[in-house]
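A.B. asks: Put chain B on the given structure of chain A with help from the hints.
Residue numbers (my numbering), protein chains in the order written: chain A, 1 to 110; chain B, 1 to 113.
These are computed hints drawn from the structure, not numbers from a lab. Every clue listed holds true.
Anything over 10 angstroms on all C-beta distances counts as not near chain B; from chain A, calculated:
1. GLY66
2. GLY82
3. ILE107
Straight line, CA to CA, 25 angstroms or less: simulated BS3-like cross-link-like pairs of lysine-lysine:
4. A/LYS109 / A/LYS57
5. B/LYS40 / A/LYS109
6. A/LYS109 / A/LYS59
7. A/LYS70 / B/LYS41
8. B/LYS18 / B/LYS52
9. A/LYS70 / A/LYS56
10. B/LYS36 / A/LYS105
11. A/LYS105 / B/LYS40
12. B/LYS41 / B/LYS22
13. A/LYS105 / B/LYS41
14. B/LYS19 / B/LYS52
15. B/LYS40 / A/LYS70
16. B/LYS22 / B/LYS36
17. A/LYS70 / A/LYS105
18. B/LYS36 / B/LYS52
Since this is a predicted model, take the numbers as computed values, not measurements. Note that beta-carbon positions come from the ideal geometry of N, C-alpha and C, so glycine has one too.
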Amino acid sequence: TQLLEQSPQFLSIQEGENLTVYCNSSSVFSSLQWYRQEPGEGPVLLVTVVTGGEVKKLKRLTFQFGDARKDSSLHITAAQPGDTGLYLCAGAESNYQLIWGAGTKLIIKP
Amino acid sequence: ETGVTQTPRHLVMGMTNKKSLKCEQHLGHNAMYWYKQSAKKPLELMFVYNFKEQTENNSVPSRFSPECPNSSHLFLHLHTLQPEDSALYLCASSGLAFTDTQYFGPGTRLTVL
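The following block holds chain A by itself, in its conformation from the complex:
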């Protein structure tokens, strides 16, 4: 069974700081998705990365897929309180089923 480990589990920082969260596996995925889940809501897809080494940017968020397609990172520049939420990564297996990480809970303090 493939596993996705996310780190850190919890992160609390001040507004304006930069941060990086990680999603790691020992297995290869055909693609990897990042979601953000706000309290009282379901996860919302932020980005899908497909190619090894791929980098995608979404405003202040930068997503990178590892060269070997086993890991990914999410970097947030100048974090804002609106970035607060649970960040989930999910890797797609060859049969397209998603393997989910447990998430990183991020709190940005004003």
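C.D. replies: Only chain B this time, still in chain A's reference frame:
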């Protein structure tokens, strides 16, 4: 209504009760999913329906019974649950099973006493 809606948003039930969770999608999708989300654990896929046919049942106990009367509606019937079944139950839909982006509802927070 737009997107994926779920009712009720919160549910408290005793172990001997029978209740149902409802999910409705307004996106014209053909696949619908039930997930269980527990604190600090990965999402657990419970059931998948593609064109109203159940395609996945990930070893879910029989006290959870899904029903998909059409591509827009999905139910999860609950009976004789255990306290460890307390969790957030999320419904999602996608164009086709697994190959398209999944859109999630807000979830039902279930507490089993």
